[in-house]
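Just so you know, the protein sequences line up as chains A and B, in that order. Each residue of the first sequence is one higher than the one before, starting from 1 at the first, in the working numbering. Each residue of the second sequence is one higher than the one before, starting from 324 at the first, in the working numbering.
A few of these clues could be false.
With a cut-off of at most 27 Å between alpha-carbon atoms, the simulated DSSO-like pairs for lysine-lysine come out as follows [to be verified]:
1. A:Lys167 - A:Lys317
2. B:Lys836 - B:Lys890
3. B:Lys634 - B:Lys393
4. A:Lys274 - A:Lys81
5. A:Lys274 - B:Lys890
6. A:Lys274 - B:Lys913
Sample of chain A residues with no beta-carbon within 12 Å of chain B, all distances over it, derived [what the hints assert, rightly or not]:
7. Asp73
8. Ala161
9. Gly244
10. Glu252
11. Asp263
12. Asn288
In short, the hints are calculated from the structure, not lab data. Here a beta-carbon is modelled for each residue, glycine too, at the ideal position from N, C-alpha and C.
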Amino acid sequence: MKNLIIYSLVLIGTLSLTSCDKWLNGQVINYDLPEHTPVLALYNYSISGENVIDVRVGTSVGILTDGEPQPVDDIAIKLYKNDVLQQSWSSEPTYTVDTLWSWTNPQTGVTEYYVDSTFSYQEPLTEPISNEMGTKYSIEVSAPGYETIYSEGVVPSNVSASVSISKDVPVDGREEWGQDEIGDRYSIAINDEAGVENNYLISATGIYTSNGSKHEQRIYFNSNDPIFEYADGGLLVSDRSFDGKSKTLELEHWFQLQEQRPDEVKVTIYAVAKPYMDFNESMNKYWNSDGNPFAEPVVLYSNVENGLGLFTISNLKEIDIVR
Amino acid sequence: MLQLNKIFWTLTLCLLGGAGAFAQEKYTISGYVEDLATGEKLIGANVFAPSANAGTSTNTFGFYSLTLPKDSVYLTVSYVGYQTKTYKLFLDQDIDLNLAVSEGEELETLEIVADEMIKIEDEVQMSQMDVPIEQIKKLPAFLGEVDILKVLQLLPGVQSGNEGTSGIYVRGGSPDQNLILLDGVPVYNVSHLFGFFSVFNADAIKNVTLTKGGYPARFGGRLSSVLEINMKEGNLKEYHGEGSIGLISSKFTFEGPIEKDVSSFIVSGRRTYLDALARPFIAAYNAGNEDGEQVVPGYYFYDLNAKVNRKFGNRDRVYWSFYGGNDDFYSTIKYNNNNRDISYEDEAGLQWGNITSSARWNHQFSNKLFANFMATYTRYKFDIGFSEQTTFNDTDSVSLFAAKYLSSIEDWGAKADFDYVINPKHYLRFGTNVTHHTFTPGATQLKVEDPGANPIDTLINTQRTESMEFATYIEDEMRFGKLKMNVGLHYSSFLVNNRFYHSLQPRIGLNYKLPGDVAMKASYATMTQYIHLLTSGSLGLPTDLWVPTTENVVPEQSWQAALGFAKTFGAFEVSLEGYYKNMDNLVAYKEGASFLGDDILDDGSTSTWEDKVVQGNGTSYGAELFLQKKKGNTTGWIGYTLSWTDRQFEGINSGNRFPFRYDRRHDISVVAVHKFNEKISISAAWVYGTGNAVTIPTSKHEALQPRNGLGGLGGYYGTTVTRAESVNAERMRAYHRLDFSIEFFKKKKRYERTFVIGTYNTYNRANPFFIQLWEQYDDVTGTSKSTIRQFSLFPLIPSVAWKFKF
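With the rest of the complex left out, here is chain A (with noise of 0.2 Å):
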């Protein structure tokens, strides 16, 4: 029996030393994912009151293709209101650079630009986007080898607010991270309509003299208030917890040490579609559980039919301040 023990022991020490080579950094696996079949993406944020519309539409690929998505260069589009077509065109892409990057190439030297971008189809509208809350508008996009997409939004409630600034009072800007503690405030008054939900995204053009010439500049708002959602666009606010009321919002811009003030500052509150929220909840959610391998993935929202993507309408108020 000790013999026995012996060889078995052999064994399995022999066969345990060859099985730990490929434990370390993961298997390269060829999983059978379900085959790709390339939709059309749409993004489209239009608001009340504009006469050109801008469509962007790009595709789709599997995700283990190389290289990125590709924009579509020949579409046709419907634009419908209130279930009746507008206007359709067809037209060759404005192509837009929204996001450009660089590489050098280090045997080279070569530094190449890449544009990250789909193509924008901008077309003039023979009617103005409505203002009149709950005009439905739907989009219908078709590309040849794709299934035609589609998607509808509804013009939220109307913008009822003012703004007032307080100009170089103290703020909660940090002079150690390089910021001004004296900045500006403004006050938003908004008188909510009761009984509808109504989510609002608050952003600020600034627009400053500099050699003569003016040019215009966004303006970072910042708040302590919980209240608050960061946006890309801006900040946003959802009514939940005044709905039906007035309510004023303090919001507080901060300069960089020796940054210049603006001359006046364009303040844009839009009341934006639920679908708008939704969209960017999931892309918060997205960036927060990226590149963390136990966190439930998200699934990204979208709103298109047989695609991807977001079609959404806002309506506006747009007050511009002297400062």
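Using the hints provided, position chain B relative to the given structure of chain A.
Here is chain B on its own, set in the frame of chain A:
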């Protein structure tokens, strides 16, 4: 009115056994069935009177009661792994009779008698599985450490979670839906070493029973299963010890009489020594660290089981049992800068552990009425934290910042259970229990000390909640010719923050004997669960939070219906069952939420766990085939499960139904133990399971978000995003694995020793632990290539253990 009374009394008499029951003179034999050598009570032992074709099984406390006609009676007693024994007596009065059987294989001459014992087709209960502890201890063990829960994962309808972990998923339920009772006390976290071992030390365990459905009314409080684990009581006759020395842990058990045949004890302890084994390597690493930094990581777990009992006459017995266990994962970094006269000490750690204890009094009021009274305590807690301490040696001052996240659940309970054997046709069980829960699902302790400043030591965001859970039940196991049934009602209620929930849960189990001795079984049961486990991600970590039903989070509920067939073919038991389970108000974290990190709400308050969860529903259905051989030199089973399980939550997967992560279409296990002779035996277990459901992006596209405000004319941020079609829409590779072990047994002069050599994952299958989309950047071409990369956890893992017994 008179007519109604007549009908009522006629029905009552029929239900209570009918007129026939009173026509014959009958007497009751009752007592305990015990191990002849140790005096240990045997649970589920069969007591059968062939001449009367009547039999019963011992209850959880080893008690039986059998009422038979006045006559000469042959009483056969059988229990798996024990010799069947026949008692002959003349029954002309009620008798107290303790029956004793000896461990060992049955004698051939008794085979015919053994065929008359209670078989699977005779039992009313369906969806219940007993695995003899001796068989569990013979099966291959991961790293040589026998694990009860991992053996249960080999049964049909029970699925493992991730590779190597002890969590069990019963019929599509999640681990918190299993009521796991150790000597009648709930155990809230069953994992050691992040789930790779369970807290149950097999050397201290006597019996394991898992009920997956068709729950009798005495069970309640969880949706998916009841796992009863009973500790040994201790040898009443003589002192014995056993233990083992394994690769990463050792254990030792000692038991014996305090007063022979009256009182006994058992103590069993276990500890890992990974920390001790690693110490020299860590010291060598630190010695070579020229910058003076000392890094000391470590991990260990230990647990201790203890139990004492004492008889008071033949009708009273009291027990006290205790379990305590703890895991400690820690890391310390010390740095001493002599030049600057400053030293740093950073510590981080995660500790978790359970304590359970019960005091029990068994009292036999009569030959027909048995009672168990119990007081219980259980507590589970974990804390995770870190501290940074800087010591300024020149001024002898200290700066400290420490943060710790704490969570716990603590229960005090009392219960009374009664078994009343009215007559051979009616076995009545009734009882009640009450539990006081204290939940502290998340509190943060902050400690700050700085020279010259007031120290801070505060506990913030304590979300302590107290609640009372009450339950009462009645069930009757009835026999009417070919039809046997267990009909019962379970009523439960829950009081929390002045909110009162209650639920009435009907239970029924049927067994109808078809021609050919095939039993057709059916059951229906509803269950309500008032406490929930919030699980972060998909792993099942010690940091999962136990939380109560509240004003905002309502109780989970389920109903399950099952239909099955069972028959014994010689030494083989076969059962085939189909089931459908519906689960409502399941609790899950919202997308992106986790136990750590509190959000500030719109009203300025800090979010609690209630703000992070969403409730939804799920379904599970499937079929299970089980073929088991419990006797002979070759024992084991083959199990096959075909199942479908899904979930639906508002806000997850856009509110659409999606497969549960452990939705496993096919699950197969083949388990065999073969004894060659008295010295050598081998065992093997092979498992196969459809790959876990997983969310993998299948496409990518350019997503655009406006740069400033809205409107495309203002420009966009464009990002390539990946997109999964749906949650858990894809599958990992199938999981399969073969474990093997060989035991060499030798009886020495003063002790017995067993040398066990085993392998886990014998053919070195790279089973998926998780998979990830992996982007590899090529410096030369400047492009990225995507692949799906699978990470596996365990290759072939050998194990060696040396066991002894004296």
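Quick rundown of the hints versus the structure:
1. Annotation: proposed proximity of Lys167 of chain A to Lys317 of chain A holds, straight-line Cα distance about 22 Å (limit 27 Å).
2. Proposed proximity of Lys836 of chain B and Lys890 of chain B is supported: the alpha carbons are some 10 Å apart, at most 27 Å.
3. A C-alpha spacing of about 30 Å is found between Lys634 of chain B and Lys393 of chain B, which places the hinted pair above 27 Å, so the restraint is violated.
4. In summary, the hint linking Lys274 of chain A to Lys81 of chain A is supported, as the alpha carbons are separated by about 19 Å, within the 27 Å threshold.
5. With a C-alpha separation of about 59 Å, the suggested pair Lys274 of chain A and Lys890 of chain B falls outside the 27 Å cut-off, and the hint is violated.
6. Between the alpha carbons of Lys274 of chain A and Lys913 of chain B the distance comes to roughly 18 Å, so the proposed pair stays at or under 27 Å and holds.
7. For Asp73 of chain A, the shortest C-beta to C-beta distance to chain B comes to about 14 Å, beyond the 12 Å cut-off, and the non-interface label holds.
8. Here Ala161 of chain A stays apart from chain B, with its beta-carbon at least about 14 Å from theirs, past the 12 Å limit.
9. Every CB of chain B lies more than 12 Å from the CB of Gly244 of chain A, the least distance being 15 Å, so the non-interface label holds.
10. Distance check on Glu252 of chain A: its Cβ is at least 17 Å (rounded) from any Cβ of chain B, clearing the 12 Å threshold; non-interface status holds.
11. At the 12 Å boundary, the C-beta of Asp263 of chain A stays outside the reach of chain B, the nearest C-beta of that chain being 18 Å off.
12. At the 12 Å boundary, the C-beta of Asn288 of chain A falls inside the reach of chain B, the nearest C-beta of that chain being 5 Å off.
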